[in-house]
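Just so you know, the sequences run in chain order A and B.
Residues 0 to 323 (numbering that gives the first Met the number 0) make up the first sequence, in order.
Residues 0 to 252 (numbering that gives the first Met the number 0) make up the second sequence, in order.
Errors might be hidden in some of the hints.
What the hints assert, rightly or not - Some chain A residues close to chain B (C-beta under 8 Å, calculated; not the full set):
id : residue
1  : G35
2  : K85
3  : E141
4  : T247
5  : I317
What the hints assert, rightly or not - Calculated cross-link-like contacts (lysine-lysine; reagent style BS3-like; alpha-carbon spacing at most 25 Å):
id : chain 1 : residue 1 : chain 2 : residue 2
6  : B       : K244      : A       : K321
7  : A       : K167      : A       : K128
8  : B       : K1        : A       : K258
9  : B       : K152      : B       : K1
10 : A       : K299      : B       : K227
As the list claims (entries may be wrong) - Derived Cβ-Cβ restraints for the label pairs, each shown as a range:
id : chain 1 : residue 1 : chain 2 : residue 2 : range
11 : B       : G22       : A       : H44       : 45 to 51 Å
12 : A       : P177      : B       : S211      : 27 to 33 Å
13 : B       : E55       : A       : Y189      : 41 to 47 Å
14 : B       : P103      : A       : Y189      : 34 to 40 Å
15 : B       : Y186      : A       : Q318      : 33 to 39 Å
16 : A       : H44       : B       : S211      : 35 to 41 Å
17 : A       : D110      : B       : K1        : 26 to 32 Å
18 : B       : D149      : A       : S193      : 20 to 26 Å
No lab work stands behind these hints, which were simulated from the structure alone.
Virtual Cβ for every residue (Gly too), placed ideally from N, Cα, C.
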Amino acid sequence: MNQDIYVLIEHIRGSVSDISFMDLAQARALASVTGGQVVAVILGHKAQELANGLDADSVLYVDDAAMAEFNYDAYQRVLTSLLKDKAPRAMLFGDTTIGADIASSLSAALDLPVISFCAEVKGDGGALKYVSHICAGKLHVEGPLPDQTTLLTMVPGRFRVEEGKSNKPHPLTILPTPDMSDLRIALMEYEEPSAEDVDISTEPILIAVGRGLMNKDDLEIVEDLAEVMGGTVCASRPVVDQRWLPSTRLVGKSGKVVKPKIYLALGISGAPEHVESITGSEMIIAVNTDPNAPIFNLAKYGVEEDMLDVAEALSEAIQEAKGG
Amino acid sequence: MKIVVPIQLVPDLVEDLEISPDGTSFDYENLVWIINEFDDHAIEQAILIKEKSGAEVTILAPDMEDIDDPLFTAAAKGADKLLKISGDFDAGINNHALSKLFTPALRSLQPDLILTGVSNHDGLDGALGPLMAHHLGLPYIGYVSSVTVDGEKATVHKDYPGGLKARLKVKLPAVLGITSSETPPRYVPVSKVRQSMKTSQIDELEGEMDLSGVATIERMYEPEVTEKAEMLNGDIADISNQLVKILKEQGLI
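Construct the complete structure from the given sequences, taking the supplied hints into account.
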């Protein structure tokens, strides 16, 4: 095993995902402790230009038509032999729809440890330590980075996208492509989200509802408040899973990143996959009956009350204020 | 068509998350366990496929305390077979151990499709689906929100950020990590679950837990809060007036 830190560069339809830049920044911090290099790994097709702008000491590139977009089978083949061959100190992935799919199976295939929901890896008196946020952010766990090559799926937060960017040129090595016959998974097409609905990523006033919304009829109270405030209703995953709101209104990991002037979070606990998408908000106000809800750690103002009581009372108070 | 749905229990986040006295793990005995929410969606997706095109649905679970209830609930929803695997769960549980615990049963059941939750919120060591997929030599797709079976293939939607979906074809057998079922998990009344307790049977197999191969936890703790929201107090009317004032200051009213 060497002391290099590898980063899988995740890309969708020709652009590198934000998380990969954050991973590069984390890798840079980690490599300065281990004394190794930061190595970016790109699997793609005619995608060498994705290497431009990455803050890495070197880039490894593998090309095949089957890897134009993410393919579990193809990635598994390439990365299994790459990790066996190179044995870096650690490899970083996003805790994402790409990274989380592939990191666990590599862990099983190579008998290497994988650590999920990882928020940070840092030097700790000569040793290396991981910190992960589990149970929707309600608990943190930490421990020594295992002695073997360790695979980590990273959540955003510790580093900014800009910190993983650099215009310094770096050497790019093209590695041979393993046999890509008999792949069992094929991408047919991407389907765009419906464009008919409002785009919550550009809305200035958002009223977000979460698990605290117990039944669909109560959504009316929230919609009334949104109307009075001149805002738009959006939601965390449980509400969209119930199909009470369309997926175009989803804020979070599979949904949109939002940056409104005000984000009024009603009955939202503040799981990391939601929080990562709302940190760009100018002001967050949270209403939740659970005083320990992680959303209160992010919000500027908090109210420990029932979301519907507050929504109703606030609608009235605003109407009164407007009238008066 | 045979579908197996491996499920697991997770700490209920609505309850207090008890930590062991030495601060390195959950206080397993004092946690309230519930079915992993994504597994509930996997069960629903399996039943939806059964209703659409016919299938035999088997629910596979670790034989932990409190597991019978979610198993009988799944039977009440339409699952055909219930199977639990015994092991020593007192020292904890992780996805690597669970994937090895389930693998022999999955090999002998020979399903066409394995549907499981895409992740579990307490899972520090990756996800169950891809671990099982490797042990079984099967393809895996995670973050799946719809499944249509067509002969020896399945067409699925995989969720990407921003509401983008990829339509993928996968050769069966395959393992799919479900994020959400096509329609929300159905509600079953308690009376129907009670009835299934009388009419359904849970088969049992012996297994062994192997907790090795995962990172050690030195410390588990509630996050220290550096900046906490300014809490607004008073009765609801007071609070509303304070909120109006804040919104006015922001120029939003």
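Here is what the structure says about each hint:
Because the beta carbon of A:G35 sits about 20 Å from the nearest beta carbon in chain B, more than 8 Å, this interface hint is broken. Taken as an interface hint, A:K85 does not check out: its beta carbon lies about 20 Å from the nearest beta carbon of chain B, beyond 8 Å. Because the closest C-beta pair between A:E141 and chain B is about 5 Å apart, less than 8 Å, the hint holds. Look at A:T247: its Cβ gets to within about 6 Å of chain B, closer than 8 Å, so that hint holds up.
This hint holds: A:I317 has a C-beta 6 Å from the nearest C-beta of chain B, less than the 8 Å allowed. At roughly 12 Å between alpha-carbon atoms, B:K244 and A:K321 fall within 25 Å of each other, so this suggested pair holds. Restraint check for A:K167 and A:K128: not satisfied, since their Cα atoms lie roughly 29 Å apart, outside the 25 Å limit. Using a Cα cut-off of 25 Å, the hinted pair B:K1 and A:K258 is violated, with the two alpha carbons roughly 45 Å apart.
As the CA atoms of B:K152 and B:K1 are separated by approximately 13 Å, the hinted pair is consistent with the 25 Å bound. Proximity of A:K299 to B:K227 is assessed by CA-CA distance (about 7 Å); at most 25 Å being required, the pair is judged to hold. At roughly 48 Å, the beta carbons of B:G22 and A:H44 sit within the given window of 45 to 51 Å. At about 29 Å, the beta-carbon gap between A:P177 and B:S211 stays in the expected band of 27 to 33 Å.
For the pair B:E55 and A:Y189, the supplied restraint of 41 to 47 Å is violated, since their beta-carbon distance comes to about 33 Å. The supplied range of 34 to 40 Å is met by B:P103 and A:Y189, whose beta-carbon atoms lie about 38 Å from each other. Between B:Y186 and A:Q318 the C-beta distance comes to about 36 Å, which sits within the given range of 33 to 39 Å. Between A:H44 and B:S211, the C-beta spacing of about 38 Å keeps the proposed range 35 to 41 Å intact.
Evaluation of the 26 to 32 Å hint for A:D110 and B:K1 yields a pass: the beta carbon distance comes to about 30 Å. A hinted range of 20 to 26 Å for the beta carbons of B:D149 and A:S193 is consistent with their spacing of about 25 Å.
Checked against the numbered hints above, the structure violates hints 1, 2, 7, 8, 13; every other hint is satisfied.
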